[in-house]
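**Student:** If you want the building blocks of each chain, they are given just below.
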Amino acid sequence: MTALCEKTRAALPEYLAESLAPSERRALRAHLSVCAACRAEAATLDPTLVFAAAGTAAAASPAEVASIVVSVRTGIALRQAERKIAPAAPSRAGRRGPRAAAAAAVLLLTLAISSGSRPSVPSVAAAPSVPAATAASIPAPEAGVSVVASPEGAAKSSGGATVYDWNPGAGEPRVVWIVDGSLDI
Amino acid sequence: MELVYSESRRRQETAQATDRDLVAEARRGDLLAFEALVARKTPAVLSVARRVVGNPEDARDVAQMVFLRVWEQLERYDATWSFNTWIYRIATNLAIDFLRSARSRERAHGATLHLVRQREESTSLETTRAAEDGELERLFERVSHRLSAKQKAAFVLREFEDRDTREIAEILQCGESTVRNHLFNARRILRREIARLYPGLLPPETK
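Sequences listed follow chains A and B, in order.
Residue numbers for the first sequence follow the numbering used here, so the first one is -10 and each next one is one higher.
Residue numbers for the second sequence follow the numbering used here, so the first one is 297 and each next one is one higher.
Hints should not be assumed to be uniformly reliable.
To give an idea of the interface, some chain B residues facing chain A are shown, with a C-beta separation under 8 Å as derived from the structure [to be verified]:
1) A335
2) W367
3) L370
4) Y373
5) A398
6) E431
7) D460
8) L468
9) G471
10) L479
11) R483
12) L486
13) R487
Label-pair restraints from in silico Cβ distances [to be verified]:
14) A:A55 - B:N351: 32 to 42 Å
15) A:E7 - B:T381: 44 to 54 Å
16) A:A10 - B:D315: 19 to 29 Å
Quick look at which bits of chain B chain A covers, simulated, 3 or more residues with Cβ under 8 Å [to be verified]:
17) 443 to 449
18) 452 to 458
Read the hints as simulated data drawn from the structure, not as lab findings.
As the structure is a prediction and not an experimental result, all values here were calculated from the model.
Glycine included, C-beta positions come from ideal geometry on N, C-alpha and C.
If we strip away everything but chain A, and leave its shape as in the complex, we get (with noise of 0.2 Å):
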């Protein structure tokens, strides 16, 4: 045993009483990470002390970050195609409705195809029923893309527009398409 594990040792008690300094507490913590006689000692007086052991290094693989950076680009995008729709839904979607819908659609159909992940996005999330003749409406897809069979996964936009989020299949791509009622899109 180290003096170091004598000091580290002495200064658990008042660990648990949180009356450590700063640089003292951040000895201690760094003494027990890589001690494991002292973390065996810690946890006979308090078997909450294993926690001390734990790095604060946050576990986030690259890949994870960029996934996550990925669903917010796509979050904000959706969030300011939401915005651009909004203002337009009910006296000015005569000319402008359409044009902002359709390119919201298109905007979000790059994105969620280029990102190849499928994002989370809360404001969507939830999923009330859409008329059926509101589903039905809904024009003749591309090729490769098919019509939504029913209205779940879709939800209703703070502009009055439907977003439907669709996947499928189990895979991607992800296709999110914004269909305004009051637009003949």
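Take the given structure of chain A and dock chain B to it, following the hints.
**Tutor:** Chain B alone, transformed into the frame defined by chain A:
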């Protein structure tokens, strides 16, 4: 070619920028600066979320919500505050909300499943191995079910993120003495749960 060069150079610049600089640029609508901020803060946000909500999948959802919230509220951020404290506050609040709603769903679906799961856990985990093999996160996840959301958040911020009690008070928007109470009670409850689920971790005389 020029575009590729510019973007790569821009990424290098954002990597060297301070949090404050990135926030200022993001406020002006620079999405690349915001993404650099997201990449930089993801490990810390994910770490808090994972330990509070208890599983990696839910933690990823919470992390996404945190950054969308940050993006939406960037204008409201007071630059006299530490950006880390601000983002920890948002992350902790959303993780606490998530945990509370998950617990209420669990209650609504019956306690039976929870009991079955606890029984399975208590027989399947070798306690000393769990501690020694760096499985502290799993151990914490299993013994922290009975902590309140605030107690759990305070303990995670203190013990896993090594934040000081004053900063935790700012994050949880409560007094420092309340944080100390949360920590004291969290240890008491964790000790009891460890004794119940993992008696191998207790000193011989208390078994």
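**Student:** How does the Cβ-Cβ distance of A10 (chain A) and D315 (chain B) compare with 19 to 29 Å: does it lie in that range?
**Tutor:** The hinted range 19 to 29 Å holds for A10 (chain A) and D315 (chain B), with Cβ atoms some 26 Å apart.
**Student:** Under 8 Å, Cβ to Cβ, is where R483 (chain B) needs to be relative to chain A, so tell me if that hint holds or is violated.
**Tutor:** holds (5 Å)
**Student:** Would you check whether E431 (chain B) satisfies its interface hint, that is, whether its CB is within less than 8 Å of any CB in chain A?
**Tutor:** violated (10 Å)
**Student:** Taking 44 to 54 Å as the stated bounds, is the beta-carbon spacing between E7 (chain A) and T381 (chain B) within them?
**Tutor:** Taking Cβ atoms as reference, E7 (chain A) and T381 (chain B) lie about 19 Å apart, which means the hint is violated.
**Student:** Was the hint right that L479 (chain B) lines chain A, CB cutoff 8 Å?
**Tutor:** holds (7 Å)
**Student:** Has the region 443 to 449 of chain B got at least three residues whose CB is nearer than 8 Å to a CB belonging to chain A?
**Tutor:** With 0 residues closer than 8 Å to chain A, the region 443 to 449 of chain B misses the three-residue bar; violated.
**Student:** Please verify that hint: R487 (chain B), Cβ, nearest Cβ of chain A, below 8 Å or not.
**Tutor:** holds (6 Å)
**Student:** Is the shortest C-beta separation between L486 (chain B) and chain A less than 8 Å?
**Tutor:** holds (5 Å)
**Student:** Can the hint on G471 (chain B) be confirmed by a CB-to-CB distance to chain A that is less than 8 Å?
**Tutor:** violated (14 Å)
**Student:** Closer than 8 Å between Cβ atoms is the bar; does A398 (chain B) clear it against chain A? Give me holds or violated.
**Tutor:** Result: violated, 14 Å to nearest chain A Cβ.
**Student:** Are A55 (chain A) and N351 (chain B) spaced within 32 to 42 Å by their CB atoms?
**Tutor:** violated (21 Å)
**Student:** Under 8 Å is the threshold here; is the Cβ of Y373 (chain B) close enough to any Cβ of chain A for the hint to stand?
**Tutor:** Violated, about 16 Å.
Hint compliance for this structure: hints 3, 4, 5, 6, 8, 9, 14, 15, 17 are broken, all remaining hints hold.
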